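Those protein sequence lines, which keep their order, are chains A and B. Letter 153 of the first sequence, counting from 1, is numbered 153 in this note's numbering, and no numbers are missing. Letter 119 of the second sequence, counting from 1, is numbered 286 in this note's numbering, and no numbers are missing.
A hint or two may mislead.
Okay, the calculated beta carbon distance ranges per label pair [to be verified]:
no.	chain 1	residue 1	chain 2	residue 2	range
1	A	128	B	247	40 to 50 Å
2	A	41	B	201	43 to 53 Å
3	A	140	B	265	35 to 45 Å
4	B	268	A	153	45 to 55 Å
I should point out that these hints are in silico values taken from the structure, not numbers from a laboratory. Computed from a predicted model, the values in this text were never measured in an experiment. In this text, a Cβ means the ideal position worked out from N, Cα and C, and glycines have one as well.
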Amino acid sequence: MKGIVIPKKSHEESTHILYDVVDRIPFIDFLGVKFDLFEDKLTARLPFKPELIGNGFIKALHGGAIGSFLETVAIVELAHYLNMSKKIPQKMGKIKLPKTIDFTIDYMYPGLDQDSFALAKVNRAGKRYASVSVKAWQENKEKPFAQAIGHFLVPKIDLKSWENETR
Amino acid sequence: MKLDESDLAEQVIDFFNKLPFNKFMGISLIRIGKGSAEMMVDYNNNLIGDSESKVIHGGVVTTLLDAACGAAVMSAGMPKVPTATIDLRIDYMRSAKPGKMILAKANCFRITSSVAFVKADATDGVDEVPVASASGAFTSPI
Numbered sequence: 001m002k003g004i005v006i007p008k009k010s011h012e013e014s015t016h017i018l019y020d021v022v023d024r025i026p027f028i029d030f031l032g033v034k035f036d037l038f039e040d041k042l043t044a045r046l047p048f049k050p051e052l053i054g055n056g057f058i059k060a061l062h063g064g065a066i067g068s069f070l071e072t073v074a075i076v077e078l079a080h081y082l083n084m085s086k087k088i089p090q091k092m093g094k095i096k097l098p099k100t101i102d103f104t105i106d107y108m109y110p111g112l113d114q115d116s117f118a119l120a121k122v123n124r125a126g127k128r129y130a131s132v133s134v135k136a137w138q139e140n141k142e143k144p145f146a147q148a149i150g151h152f153l154v155p156k157i158d159l160k161s162w163e164n165e166t167r
Numbered sequence: 168m169k170l171d172e173s174d175l176a177e178q179v180i181d182f183f184n185k186l187p188f189n190k191f192m193g194i195s196l197i198r199i200g201k202g203s204a205e206m207m208v209d210y211n212n213n214l215i216g217d218s219e220s221k222v223i224h225g226g227v228v229t230t231l232l233d234a235a236c237g238a239a240v241m242s243a244g245m246p247k248v249p250t251a252t253i254d255l256r257i258d259y260m261r262s263a264k265p266g267k268m269i270l271a272k273a274n275c276f277r278i279t280s281s282v283a284f285v286k287a288d289a290t291d292g293v294d295e296v297p298v299a300s301a302s303g304a305f306t307s308p309i
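Only chain A is shown next, with the shape it has when bound in the complex:
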């Protein structure tokens, strides 16, 4: 947005946290999901590849590929959000990942043989639980082809051991 200057340090830190989180999840690379930080807003992209096809007749993406994409984006968004919040020390060496409690996927249209995009939103993150929703679209952001809502266990932050490690 015009006129709003994000302090460079904050963006760098945000990027650093994103790298740390993504690095922790080998499956992201296997699936081929790419993440971008734009003005500290996280968007994800799943470039199309033939391996993602689950229905040979209409060349549609596999329901599992769509579900995996949505769940991955929800976890990364939440982990990034938790680590960006002020309660958690920045640049923690070891980021703990949230654990999925449940995940409900709403398949609205077939995913076509083209790139997909996704955006997740942390609805609420308490000390123990978090609710995250996520939607995926292809050509038109206003017309998502799948969306999901998930609940996650928020990892306990062991501040004492972190302080000891960094001393």
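Fit chain B to the known structure of chain A by using the hints.
Only chain B this time, still in chain A's reference frame:
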């Protein structure tokens, strides 16, 4: 009811095992009956969701359960008529043990002319408590 030996079951098994995403993930259909299906995925380093714990990613379990549910629905309807997921809910009861294969058993317990309802459990053979369970609605293949 086991249909493992029949030609139809073999055709359906072959169909699912050749789907690109199932092959990519290492998921295979091992048994199909009328309205039921079993699928498994081998442990593989590519599928890890947390490099510290080495636990398989939730998305892999979701894919396995979705695929098993889809196969169960297909076998409950007309042969070879495709189905699509309308909604799928996964509950993750515990982490799967690293290194272990995961087996999903799906059962289509109700099919109408428009909707098929299905439930599935995923186990890693380590504990009786399933790793995850799924409940979904699919388009009817009738």
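Right, here's what the structure says about each hint:
1. Separation of residue 128 of chain A from residue 247 of chain B is about 47 Å and conforms to the stated range, judged on CB atoms against 40 to 50 Å.
2. Judged by the Cβ atoms, the range 43 to 53 Å given for residue 41 of chain A and residue 201 of chain B holds: they are separated by roughly 49 Å.
3. The hinted range of 35 to 45 Å is satisfied by residue 140 of chain A and residue 265 of chain B, whose Cβ atoms lie roughly 40 Å apart.
4. As the Cβ distance of residue 268 of chain B to residue 153 of chain A is approximately 25 Å, the hint placing it in 45 to 55 Å is violated.
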